[in-house]
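Take the sequences, apply the hints, and build the full model.
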Amino acid sequence: MKKLLPSIFVILFFISCEKTITYTATTDSYSTKDFAICNSQPCPEIALSILNMETPEEAAITVNNWIQTSTINTLYNETEILPSSINDAIELYINNSQISYPETTELSDAHEITIDSAISFGSNTLLSVVFYSYQFMGGASGFDNEMYLNINPQTGKEYSDDELLDDDFYAFAKAQFEKEYPQETFDVTPSNLPDSYLKEVGFTEEGIVLIYNDMGVSSFNMEDKQITIPWELSKDYLNL
2 MKKLLPSIFV ILFFISCEKT ITYTATTDSY STKDFAICNS QPCPEIALSI LNMETPEEAA
62 ITVNNWIQTS TINTLYNETE ILPSSINDAI ELYINNSQIS YPETTELSDA HEITIDSAIS
122 FGSNTLLSVV FYSYQFMGGA SGFDNEMYLN INPQTGKEYS DDELLDDDFY AFAKAQFEKE
182 YPQETFDVTP SNLPDSYLKE VGFTEEGIVL IYNDMGVSSF NMEDKQITIP WELSKDYLNL
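When you number the sequence shown by my numbering, it's gap-free, plus one each residue, and the end is 241.
Source of the hints: derived by calculation from the structure; they are not laboratory data. Owing to the predicted nature of the structure, the values given are computational and were not obtained by experimental measurement. Even glycine gets a Cβ: it sits at the ideal position worked out from N, Cα and C. Do not take every clue at face value.
[To be verified] When the alpha-carbon atoms are kept at most 27 Å apart in a straight line, the in silico BS3-like pairs for lysine-lysine are as follows: (1) Lys-226 <-> Lys-180; (2) Lys-226 <-> Lys-175; (3) Lys-180 <-> Lys-236; (4) Lys-20 <-> Lys-236; (5) Lys-175 <-> Lys-200; (6) Lys-236 <-> Lys-226; (7) Lys-158 <-> Lys-200; (8) Lys-226 <-> Lys-200; (9) Lys-158 <-> Lys-236; (10) Lys-236 <-> Lys-200; (11) Lys-236 <-> Lys-175; (12) Lys-20 <-> Lys-158; (13) Lys-200 <-> Lys-180.
[As the list claims (entries may be wrong)] With beta-carbon atoms standing in for the labels, derived distance ranges: (14) Thr-205 <-> Glu-185: 18 to 26 Å; (15) Glu-233 <-> Asp-35: 43 to 51 Å; (16) Thr-156 <-> Lys-34: 35 to 43 Å; (17) Asn-96 <-> Glu-164: 39 to 47 Å; (18) Thr-28 <-> Thr-126: 21 to 29 Å; (19) Asp-35 <-> Phe-173: 42 to 50 Å; (20) Thr-186 <-> Thr-126: 27 to 35 Å.
Structure below.
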């Protein structure tokens, strides 16, 4: 199912007497009609909304690099050397969609990709950015992916799970998952560990977002399991 992320341009956060961090950003949009080749032949449906952070500068460098790399990898990752720009990656995506089904323009036209990126949470100590993509390449259904980047907005350095969450958090999160999905069991460990089934940890105004997938263990559990733990329940497990 597609999701639409809010467009956020300026966010101000006031915390105690600390210096307020001001987040400013613009959004770059890309669509099928932006590419001349699509005026004369069938093209996939393209709808990209790409966050371009401006301030704070330290955070903006980290965020913009991450979003550009994630966008290009989502559009085209079939060579060791990635395209140098989002425009180049879109053109390669269009070309791939057309040569996949050269004899059937309806299938080429049915290709679809949506990418949204936005600030999901910000404070003086934590900036969380969400990157969401949805792709359809024919068949019964498409597939989507949601990722989060959590950084220190003052330094631009990415946080590890251990820096954000205390050791007791994972048992607490396991209980929350099993409450939401009572027919299943969960093995929740830090998402940065190589064998972890916890794919993503993110933050929103509502609370902590956790995305879990154990598809390597059971062929019956192919879809991501996602929960949002409210701040009032999770605050005692945070290191911030």
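Against the 27 Å threshold, does the CA-CA distance of Lys-158 and Lys-236 hold or violate the hint? Roughly 22 Å separates the two Cα atoms, so the pair holds.
C-beta pair Thr-156, Lys-34: status relative to the range 35 to 43 Å that was hinted: At roughly 40 Å between Cβ atoms, Lys-34 and Thr-156 fall inside 35 to 43 Å, so the hint holds.
Do the alpha carbons of Lys-200 and Lys-180 lie within 27 Å of each other, as the hint requires? holds (19 Å)
With a cut-off of 27 Å on the C-alpha distance, tell me whether Lys-158 and Lys-200 pass. Given pair Lys-158, Lys-200 holds - Cα atoms ~20 Å apart, limit 27 Å.
Tell me if the straight-line CA distance from Lys-236 to Lys-226 falls inside 27 Å. Given pair Lys-236, Lys-226 holds - Cα atoms ~22 Å apart, limit 27 Å.
Can you confirm whether the C-alpha distance between Lys-180 and Lys-236 stays at or below 27 Å? Given that 27 Å is the threshold and the Cα spacing comes to 19 Å, the pair holds.
Between Thr-186 and Thr-126, is the Cβ distance one that fits in 27 to 35 Å? holds (34 Å)
Check the hint pairing Lys-226 with Lys-175 against an upper bound of 27 Å on the C-alpha distance. holds (12 Å)
Would you mind confirming whether the straight-line C-alpha gap from Lys-236 to Lys-200 stays at or under 27 Å? Within the cut-off at roughly 21 Å; holds.
Has the given pair, Lys-226 with Lys-200, been kept, meaning a C-alpha gap of at most 27 Å? Status holds; Cα separation ~10 Å.
Proposed proximity, Lys-236 with Lys-20 (alpha carbon, max 27 Å): Roughly 23 Å between the alpha carbons, so the hint for Lys-20 and Lys-236 holds.
At the C-beta level, are Asn-96 and Glu-164 separated by a distance inside 39 to 47 Å? holds (42 Å)
Going down the numbered hints, you'll see the structure goes against none, and every one checks out.
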